[in-house]
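Just so you know, the protein sequences line up as chains Z and R, in that order.
Going by the working numbering, the residue at position 16 of the first sequence is 16; the numbering climbs one at a time, nothing skipped.
Going by the working numbering, the residue at position 73 of the second sequence is 73; the numbering climbs one at a time, nothing skipped.
Here are the simulated EDC-like pairs of lysine to aspartate or glutamate, each with C-alpha atoms no more than 16 Å apart in a straight line:
hint: 1; chain 1: R; residue 1: K49; chain 2: Z; residue 2: E99
hint: 2; chain 1: R; residue 1: K49; chain 2: Z; residue 2: E98
hint: 3; chain 1: R; residue 1: K49; chain 2: Z; residue 2: D96
hint: 4; chain 1: Z; residue 1: K53; chain 2: Z; residue 2: E72
Covered stretches of chain Z, going by a simulated chain R footprint (3 or more residues, C-beta under 8 Å):
hint: 5; region: 36-48
hint: 6; region: 100-112
It should be emphasised that the hints constitute simulated quantities derived from the structure, not laboratory data.
For every residue, glycine included, the Cβ atom is placed at its ideal position computed from N, Cα and C.
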Amino acid sequence: DAGITQSPRHKVTETGTPVTLRCHQTENHRYMYWYRQDPGHGLRLIHYSYGVKDTDKGEVSDGYSVSRSKTEDFLLTLESATSSQTSVYFCAIGRDTEETQYFGPGTRLLVL
Amino acid sequence: AQSVTQPDIHITVSEGASLELRCNYSYGATPYLFWYVQSPGQGLQLLLKYFSGDTLVQGIKGFEAEFKRSQSSFNLRKPSVHWSDAAEYFCAVPLYGNQFYFGTGTSLTVIP
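Next comes chain R alone, as it looks inside the complex (with noise of 0.2 Å):
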């Protein structure tokens, strides 16, 4: 079945750290990928999104993220975090059309 997957439920990393967030993704063609932010309490923000072209996609508050077509996987990255990353961070991808699909997230502690 066509699907997202994010291995890791919650990642815990020192300020100043590198971060990496997994995504992998099961469907026949290339897909659009999402990468969207969630503060407590809040709806979500979109971080990046790839549509085509460059694999390696910048996005906002220094987030970027590679898509590997070999590996089916749109991993999230930042060199250097900051307190205010923590949050939880869904993957997605429109599948059919219209119907968006998301990982069931990642929950992100940031350790002063």
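Isolated chain Z, as found in the complex (with noise of 0.2 Å):
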């Protein structure tokens, strides 16, 4: 299995709050990659990074802001969470673009 870790993997917090997502890498991918996942959606984009302080949107974004300061460290962060960010977060890592993505274990989270 790819070195691949989410935290935390299970979060619940309230309307309006702050979140941030940690998925950290040891296989030393050039790219990283944050979906949620959602019943009837199948998995969705919503940032990712081609290497240090490199990133770009994703389909899904609005509501979202990322950050890698290291490559092997990719955050992701709800700057005031919202009740339809409830969801489960991916982290996926892959050497090149159109290449395979491999998939952390995913953080679930609740916003009350």
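Two chains, each in its own frame: build the complex with the hints.
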């Protein structure tokens, strides 16, 4: 299994509070991705990174920001959580574009 | 619009029966194509991928998929399903280089 960890694995928070999710990899892959998974929608890309300090928006980026200060860490921040951001969040890594993405175990977030 | 479609939301098969999960894509060029599997509470695991060459691709756990350009399809098959194959299956296509688009998934139930 690819060395990808996500923390926390579960989180309950209240509307309006900031939340940061962390993805850590030990594979030295250049590309890192954040997805959310919701019933009926599959996985949707939030943001991705193609190198340290290099990030770009995905399909559903509104309300989310990311940062990547080291190759191994990719942070996803919800500046002010809303109930619509209740979801399961997955981090993925890849060596290059269009190549296989390897997924972390996910973070289940509940916004009350 | 370019997209990935999995027409079957849920499929139920008997253990030992054959399985085919459908995936259709809408894309101008021949894309790379992936199938992932997600067991309950887990992240996504790569089953197989098609990049080029032989249109019949073998994957892990006895799965195979066939790319048919004329039908814009990449259907996943298994000749004999095991109870442990019960999971959710996602077809994915990397479009626009950096972004993977996932189908909405097909949930597989296996009856003993």
